[in-house]
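Trainee: What follows is each chain in one-letter form.
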Amino acid sequence: MAKTIKQINEKIKKGEVVVATAEEIIDIVEKRGIKNAAQEVDVVTTGTFGPMCSSGAYLNIGHATPKIKLGGGRAYVNDVPVYTGFAAVDVYIGATALADDDPRNKVFPGEFKYGGGHVIEDLVAGKDLRLVATAYGTDCYPRKRLETWINIKDVNEAVLFNPRNSYQNYNVAVNLSDRFIYTYMGGLKPNLGSANYCSAGQLSPLLNDPYYKTIGLGTRIFLGGGMGYVVWQGTQFNPSVPRKENGTPCVPAGALAVLGDLKQMEPEWLVGTTMQGYGTTLTVGIGIPIPILNEEICRYAAVKDDELWTQVVDYSEAYPQGKKGSLGEVNYAHLKSGKITIQGKDVPTGSLSSYPKAVQIANILKEWIKKGDFLLSEPVAYLPGAETGYTFRSLKERPIEN
Amino acid sequence: MISKRIVLHFPHRLAGQPIVYRLVKDYDLEFNILKAYIIPEEEGLLVLELSGEDKDYEQGMQYLTEIGVKLQPLSQDIVRNDRRCSHCSVCVPVCPAGAFVVEPLTREVHFHDDKCIACGICVGACPLGAMEVRF
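Those sequence lines, one after another, are chains V and B.
Heads up: the first sequence begins at 1362 in this note's numbering, then just goes up one per residue.
Heads up: the second sequence begins at 10 in this note's numbering, then just goes up one per residue.
If you're looking for bench data, these hints aren't it; they were derived computationally from the structure.
Check before you lean on any hint, since a few could be wrong.
Restricting the straight-line Cα-Cα distance to at most 20 Å, the calculated cross-link-like pairs of lysine to any residue (SDA-like) are [said to hold, decoys possible]:
#1 Lys79(B) x Phe19(B)
#2 Lys1732(V) x Ile1395(V)
#3 Lys1665(V) x Leu114(B)
#4 Lys1550(V) x Phe19(B)
Model the full assembly from the supplied sequences, consistent with the hints where possible.
Mentor: Shown next, in the form of structure tokens:
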């Protein structure tokens, strides 16, 4: 019998809800069958903890006396530039922003020890941060310079707003060249010396709901240790990709834009991150509950690592040059075994996404729901499916003639 | 028999002495150089794997201490900040010594510092900055 989110929430309030993680549901389905599992389990919790570059936070720092208008001016937090193109005292900290005097890749590979992602971690950790701003001055906002300490507990709003997180599947990165390369997928040894992947596989939110049948706009989630929401499809969203019979995409596909109150979050789940020779980013912890409304949704949520496939891509030539083509298809059970075979060669694997942390997130969310602290929300709209024709385009470059 | 990996810090004044030669000749120790560098006018650093009879090893270490070489077990060189490590496993394939091993059940990454050759590759490779060099 099908269930509704409303009925599940009633069970949560009464303390009668049955919750399993996306790992536990696999065994339950194997032992009890889909039909029983779908009836007995109300919610499946997922989790992921990996570097997600399209992340950032906005702050309203409050008005100084006399007033200053940061909009159109410049501002830095701990020397990292923050975006000021809003009103007077709203700024946005992007995860990949770097101090003006950071040497970047001038001495290769650059170290990238501190950037926007680290500012966000320090902010969430409750540290005092140095804000330095310059503005042009107006009749109503006369001040031209501001230097002050700021702290998350004193600012008005502090909101994590990530335009693209929680990718539904991702490439396995390898290096066919004869030199070590430094990429956003980590350092890769030459001549197929190593392979890096980045997904929680069977615990990953969108791989457990491949057709976005439950996760939509307004879905309440675990975000950075607090509660947040799915607010839109992630940028580069692409439902129109090849999929396996179980519905899961075998290339990068969907993604989520997420938002939440940074003041509730914890630095353990929002960690400033460095990719040597590449730049800075933010590692984000996300957990999404999947209401088991029927057998079909239960079957999707019970997907296993050996049923989830992805492509091996060369990051020395094919990826940077935008050349299509895969060196092979592997599944997450292969990847987690520690080695995969590419072109007849055994290649050791490493993961950027932490599976133990993903397990921890799925369990925290499970506890929140069981204790009645977290109710499921009904999406107000759904993410676009392949039937809408929504897809991901490359830039159509048009040279500008002078 | 004993086999240990140690870090030797040489003061400037010992730069001209054939210290490793003495370890072989006088104490019958086998050596394998894992890493060496010299900061001119300051100090030299040598990472060695030394094997031999327990007694010979002990006397060899005594000789080094007496002439003024500072000794340190190798595992003290690279340490993992366990609070910062997320057990992602990016370090696993890049470590040339195989010092990081994923536990198959929990998928936690174990750091075997006895295998570590203190090359420092993991320090740059760790995205969360969990690997640190300590002298």
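Trainee: For a C-alpha distance cap of 20 Å, please report whether Lys79(B) and Phe19(B) respect it.
Mentor: holds (7 Å)
Trainee: Just to be careful, I want the Cα atoms of Lys1665(V) and Leu114(B) compared with a cutoff of 20 Å; is the pair within it?
Mentor: holds (15 Å)
Trainee: Does Phe19(B) lie within 20 Å of Lys1550(V) when you go C-alpha to C-alpha?
Mentor: Violated, because 33 Å separates the two Cα atoms, which is more than 20 Å.
Trainee: Taking 20 Å as the top limit, are the C-alpha atoms of Lys1732(V) and Ile1395(V) close enough?
Mentor: Between Lys1732(V) and Ile1395(V) the Cα gap is close to 26 Å, so the pair fails against 20 Å, i.e. violated.
The structure fails to meet hints 2, 4 from the earlier list, while all remaining hints are met.
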